[in-house]
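Protein chains in written order, with numbering that gives the first Met the number 0: chain R, 0 to 242; chain V, 0 to 215.
Some hints here could point you the wrong way.
[As the list claims (entries may be wrong)] Simulated pairs of lysine-lysine, DSSO-like, Cα-Cα distance not exceeding 30 Å:
id	chain 1	residue 1	chain 2	residue 2
1	R	LYS117	R	LYS72
2	V	LYS157	V	LYS175
3	R	LYS128	R	LYS117
4	V	LYS142	R	LYS72
5	R	LYS105	V	LYS157
6	R	LYS180	R	LYS128
7	V	LYS211	V	LYS142
8	V	LYS157	R	LYS128
9	R	LYS17	R	LYS117
10	V	LYS175	R	LYS128
11	R	LYS17	R	LYS128
12	V	LYS211	V	LYS157
[Unchecked claim] From the derived model, a few chain R residues whose C-beta atoms are all more than 12 Å from chain V:
id	residue
13	MET0
14	SER22
15	ARG75
16	THR76
17	HIS90
18	ASP114
19	GLU118
20	ALA126
21	LEU136
22	ALA145
23	PRO168
24	ALA218
25	ASN225
26	PRO226
27	VAL238
28	LEU239
Hints were generated in silico from the structure; no laboratory data involved. Quick caveat, the model's predicted, so the values are computed rather than measured. Glycine included, every Cβ here is placed at the ideal spot set by N, Cα and C.
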Amino acid sequence: MIEIHGLQKFFGTHHVLKGVDASVAKGEVVCIIGPSGSGKSTILRCINGLESYSGGTIDIDGVHVDHQAPSIKLIRTEVAMVFQRFNLFPHRSVLENIIEGPVFVKGEPRAGAIDHAKELLASVGLAEKIDARPSQLSGGQQQRVAIARALAMNPKAILFDEPTSALDPELVGDVLDVMRKLAETGMTMVVVTHEMQFAREVADRVLFIDGGVVAEQGASAELLGNPQHPRTQDFLRRVLHPM
Amino acid sequence: MLVLLERIREYFPILLQGAWLTILVTLGSLALSTVLGMVWAVMRVSGIRWLANIATTIVNLLRGIPIIVLLFFLYFVMPDFGLSLSAMQASILGLGIAYSAYQSENFRAGIEAVDHGQVEAARAMGMGWPLMMRRVVLPQAVKIVLPPYGNIMIMMLKDSSQASTITVAELALQGKLIATSTFQNATVFSMVAVMYLVMCVPLILFVRHLEKRNKP
């Protein structure tokens, strides 16, 4: 469904991505792990055209991703994104945040969008927060609303950019639970994360990014349990046993 | 003392007429400067280089020309090119155009102060630029922009006195006319000052209210 070939990206003279090859099949959950600054988030941001890329190709269901082409808008309605810092619209209520895309981008009737939003809010366990403002919610609650907002677009896939990194530790579990349930429904998910436990339990495949390339990839249990590449081994040792 | 009260009673209606014109000039030029300032600001943040360059040039040009020169130009020079404006029209146009530069800088700062994550969230759900501005960026920018906007209103109210230089009989000019014919400079100009102050106080309170509300 998502095909990435030879992806290159420069920030100025800094060569961040040096030929990334990856693919994500429909219904697959893929976690991207790797050290800070390795370009994990950049890959994600290239997939929905938030970032331009300088070489290689990205195709989503056969449609070429070009951040300047008109087709990018359609791609973005089909591939939703959840951000590290939630990025809910602070001037709108929870309900308004969720129906914003369906009503104003896709032109769906408001009543139907509201019904759908209520179902989604219930599914992320926040039905009673429907009229709250984002500022009245905890970080974990905001992120769950952001996930509901992404789902409201009826996307083919959702990109998660370190969805739990900005959360207090005790709030991480609720968000991961929602994501786990989502994975069980067969949603295609690409998750940049530092949550190795989540990757091990939920992901079908894990990509380890280092030095701007996919240094190692494989089934999650295999890659996390028995890494082959020395840098993967080193990274996992540091992450799993920081003391 | 009685004489003083008598004079005040005599001058007040005339000055009130002037104050009315002051308010008209201020409101007219406020509306014009807001619309124009918004246009320049949106051009500057549009990301389209030639549009942004045009707006930047206009804003810098306007900032470099004194209001009074702009007024003279509109009132005394434009008739040579076949455009005759009334003093009132020229002063609203001149003040409105001059202040659009400051409005534009304020609006642009407000738009750029909106968290970049908001722009990304809007883009990531497939919003185009106009929809994103309308639904996400501008509503948030308004909050940031309002307190300085109130300050610009206060400045405009006072600067409307420059319309007197092209014969608009607003508060300052009425005061000057009374003073030159009666020689009661102290009384007249004290009254003029107090009347400007009275018009400014609600605006000052409005700005203070906004600033308090915006505090986290």
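Quiz item: Tell me, which hint numbers fail for this structure?
Solution: When the structure is compared with the hints, numbers 5, 8, 9, 10, 11, 15, 16, 17 and 22 turn out to be violated.
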